[in-house]
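Novice: Residue-level listing of the chains:
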Amino acid sequence: MASQEILREEPNRGSFINDPKIRSLFFQTLVVIIVFGSLWWIVNNVIENLQRLHIASGFQFLRSRAGFDISTTPIEYTSDSTYGRALVVGLLNTIIVAVAGIITATIIGFIVGIGRLSQNWLIRKICTVYVEVFRNIPPLLVIFFWYSGVLAVLPAPRESYHLPFGSYLNQRGFYFPRPVWGDGSWLIGVAFLLALAMAWFVAHRASQRQMTTGQQFPVFWTSVALIVGLPLLAFLLGGMPVTFDFPKQSTFNLTGGFQVKPEFLSLYLALSFYTAAFIAEIVRAGIRGVSRGQTEAAGALGLRSGPILRLVVVPQAMRIVIPPLTSQYLNLTKNSSLAIAIGYPDLTATAGTVLNQTGQAVEGVFIMMIAYLVLSLVTSFVMNIVNARMALVER
Amino acid sequence: MKHIAIGILGAAALGFMASAASAGTLDTVKQKGFLQCGVSTGLAGFSAPDDKGDWKGIDADFCRAVAAAVFGDASKVKFTPLSAKERFTALQSGEIDILSRNTTWTSNRDSALGLDFVGVTYYDGQGFMINAKKLPGVNSALQLSGAAVCVQSGTTTELNLADYFKKNKMEYNPVVFEKLEEVNAAYDAGRCDAYTTDQSGLYGIRLTLSSPADHVVLPEIISKEPLGPAVRQGDDQWAHIARWTYFALLNAEEAGITQANVDEMKTSTDPNIQRLLGTEPDGKYGADLGLSNDWVVNIVKAVGNYGEMFERNVGSGSPLKIARGINALWTKGGLQYGPPVR
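So the sequences go chain by chain: H and A.
Residue numbering for the first sequence follows our numbering, beginning at 1057 and increasing consecutively.
Residue numbering for the second sequence follows our numbering, beginning at 134 and increasing consecutively.
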């Protein structure tokens, strides 16, 4: 009908089949009808089939008691909590391993990427071998490699390795003393924040001074002294309010302290090392993308190779590096769903259990898809902001 | 990941399935010429492939019995190995015709999951296994406070475990895997202090460990686990066929009909046996179910009676050596009771 109206508005076009406007309108309408028609058909069929098969539907199950326990719970969770809370625990576990993995992968990736361009033959070759090995193995195998490695190499709880500072390492994970924050420990937090603010201020003033007078100031060491020193001072002044809960040997495992489970450890290491290989290649490409003239010009100004890399090459390389880096971060987040193979309770694993207990596959898969979509969009959003700040500012 | 794939496939299948009421499962099965049977990924005594790749075990044999009842040929079965998480979606979406995979009959599964349980082919209960060499002095599940416990996800076992430790005010540390092989490997590697699943399963799993003699099954049974096959809800004819296949196995044992003597028994003048084996003149008990009248003969010829199936797969004829116990016929003090064919 729409096409007929338009036909009346522009009557002198000859055959309406030849009118590009009408044609495009016709095909656009057709596509919309097909897309929404098939969507409607799918949704309708799902509802009808669920009813026919007597399967419960809807999201009410999120409020009922879960009844199962989860091994790693960043927030309070017991078997009396709801399915909804179980899913939140899973989501948090995914976020924790993804964020930790992204940070580590970026650090390793930059080191290896720069190392591949090193003048030193040995460093260059080691980095090349690293990239080629990890880039060409499926991530699942890397995860299994770390997990069976952790289980096979480490000793049983009774024969734990004793590490400094009351830490232990065994098959059940890595145990270290957990700080117990007593009265007055808020002072330490305040001192820490204060130190951060002062370090920022010092850095700001130092760069201003360098701009105007050309004199440099040891910003790094001053900041370290501030950030370590101030909280330490607060700790002593507050009468040492922090005590430590040391891991102790009990019947089965070590109890007390803080435990990093082998499932988390191997997933985190595997994702970091796997993704780092890709990041290394991106970094290498970014650095190679900066014209050699820049390095030579910086050298002619009398800069040494360290500052050349830090002040001239890497900032320019970042513009090339960040967009593909975002994809790697997204890949890492999505690859974390492989956790299920080694029993780390990430979103996929807990949602899978919920899905199985309630039998509501359609809702369960829907929740998972939405959660990963939101995580990915948030990552992209943050990286786009970083990218905008790094972009070339024309002067 | 595979369960996600099946979840998505299931969701997609629910979306794309012709919305017109589909034909009955019996007709579909007859048309494609074989029975698609969902089994475990390998649990000794229940469903596990042998060295030639043939599926062995009570659950696998039950599917053969149904195939024998439908086709008169027990070989017309195709097995789909499923993890605990995948099993219900696979049945709901029509990927399999019957789920015979050491599955516990619960009210939620019978109602909200759209399943229909056929009967209890094995009365089981959940127990714990520990490495007695590494943990000398532990001889009761009540001493397990603080232990790391290996368990398969998506099972009633996982829920019973949480309930049991909560009820006894004990702490534990669940180590949860999706696949049975992964749980076994982690337990064998010493990741957990204890392994929990159905007791029959523990005996089967113990045989696959690197040093079976070191491991003991603790005496406590912490739950009721009535294991049985299930079909999709809403297809009464198919549910009846599966249910009466199970009853036929029990009735055959009660009547003393075995794989060896079934042909002789056909000449029996005992009206009870005649009705069962379809030799009664004008009897059409098989036809009423949508099967041939000699359906029980086919079943017993293929897999024997329930007692033979039990002894061959988990009892004295198997490495598991599990006693009949409560799985004996009601005439021998057990719980297995088949309603009469008449």
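These aren't lab readings, by the way, just hints derived from the structure by calculation.
Incorrect hints may appear among the rest.
Stated by the list, open to error - Lysine-lysine pairs mimicking BS3-like chemistry, simulated, CA-CA at most 30 Å apart:
(1) A:K299 - H:K1304
(2) A:K267 - H:K1304
(3) A:K266 - A:K357
(4) A:K211 - H:K1304
(5) A:K357 - A:K399
(6) A:K434 - H:K1304
(7) A:K266 - H:K1304
(8) A:K454 - A:K189
(9) A:K299 - A:K357
(10) A:K163 - A:K211
Claimed, not checked - Taking beta-carbon pairs under 10 Å as the criterion, some of the chain A residues facing chain H (in silico):
(11) P214
(12) A217
(13) K302
(14) E315
(15) D326
(16) S451
Said to hold, decoys possible - Heads up, incomplete: computed chain H residues facing chain A, CB under 8 Å, no partners named:
(17) Q1227
(18) Q1305
(19) T1307
(20) N1309
(21) T1311
(22) L1365
(23) A1405
(24) G1415
Beta carbons: idealized from backbone N, C-alpha and C, even for Gly.
Novice: Next step is simple, just say for each hint if it's right about the structure.
Specialist: Results of checking the hints against the structure:
At most 30 Å may separate the alpha-carbon atoms for a hinted pair to count; A:K299 and H:K1304 meet this at roughly 24 Å. Only pairs whose Cα atoms come within 30 Å are accepted, and A:K267 paired with H:K1304 is accepted, the gap being roughly 19 Å. This hinted pair checks out: A:K266 and A:K357 have alpha carbons roughly 29 Å apart, not beyond 30 Å. With a C-alpha separation of about 53 Å, the suggested pair A:K211 and H:K1304 falls outside the 30 Å cut-off, and the hint is violated.
Proposed proximity of A:K357 and A:K399 is contradicted: the alpha carbons are some 38 Å apart, above 30 Å. With a CA separation close to 62 Å, the supplied pair A:K434 and H:K1304 exceeds the 30 Å bound. Between A:K266 and H:K1304 the alpha-carbon distance is near 22 Å, which keeps this suggested pair within the 30 Å criterion. At most 30 Å may separate the alpha-carbon atoms for a hinted pair to count; A:K454 and A:K189 meet this at roughly 15 Å.
For the hint pairing A:K299 with A:K357, the CA-to-CA distance comes to about 17 Å; that is within 30 Å, so the pair holds. For the proposed pair A:K163 and A:K211, the alpha carbon gap of about 13 Å is at most 30 Å, so the pair holds. Proximity of A:P214 to chain H is violated relative to the hint, the smallest CB-CB distance being about 16 Å (cut-off 10 Å). Here the hint on A:A217 is kept, as its CB sits about 7 Å from the closest CB of chain H, short of 10 Å.
Interface hint status for A:K302: violated, as the beta-carbon distance to the closest one in chain H is roughly 13 Å, over 10 Å. Using the Cβ-Cβ criterion of 10 Å, the hint placing A:E315 at the interface with chain H is satisfied: the shortest such distance is roughly 7 Å. Contact between A:D326 and chain H, as hinted, is supported at the beta carbon level, the nearest pair being about 5 Å apart and thus within 10 Å. Restraint check, A:S451 versus chain H: the minimum CB separation of about 29 Å is more than 10 Å; hint violated.
Hint status for H:Q1227 relative to chain A: holds, with the closest Cβ pair at about 5 Å, below 8 Å. Taking 8 Å as the C-beta contact cut-off toward chain A, the hint placing H:Q1305 at the interface is violated, the least distance being around 11 Å. Hint status for H:T1307 relative to chain A: holds, with the closest Cβ pair at about 6 Å, below 8 Å. Below 8 Å, beta-carbon pairs count as interface contacts, and H:N1309 has one with chain A at about 6 Å; its hint therefore holds.
Checking H:T1311 against chain A: minimum C-beta separation of about 6 Å stays under 8 Å; hint holds. Below 8 Å, beta-carbon pairs count as interface contacts, and H:L1365 has none with chain A, the closest being about 41 Å; its hint is therefore violated. With 8 Å as the threshold, the beta carbon of H:A1405 comes within range of chain A, its nearest partner Cβ sitting at about 7 Å, so the hint holds. Among the interface hints, the one on H:G1415 holds; its C-beta lies about 4 Å from the nearest C-beta in chain A, closer than the 8 Å criterion.
Going through the hint list in order, the structure does not satisfy hints 4, 5, 6, 11, 13, 16, 18 and 22.
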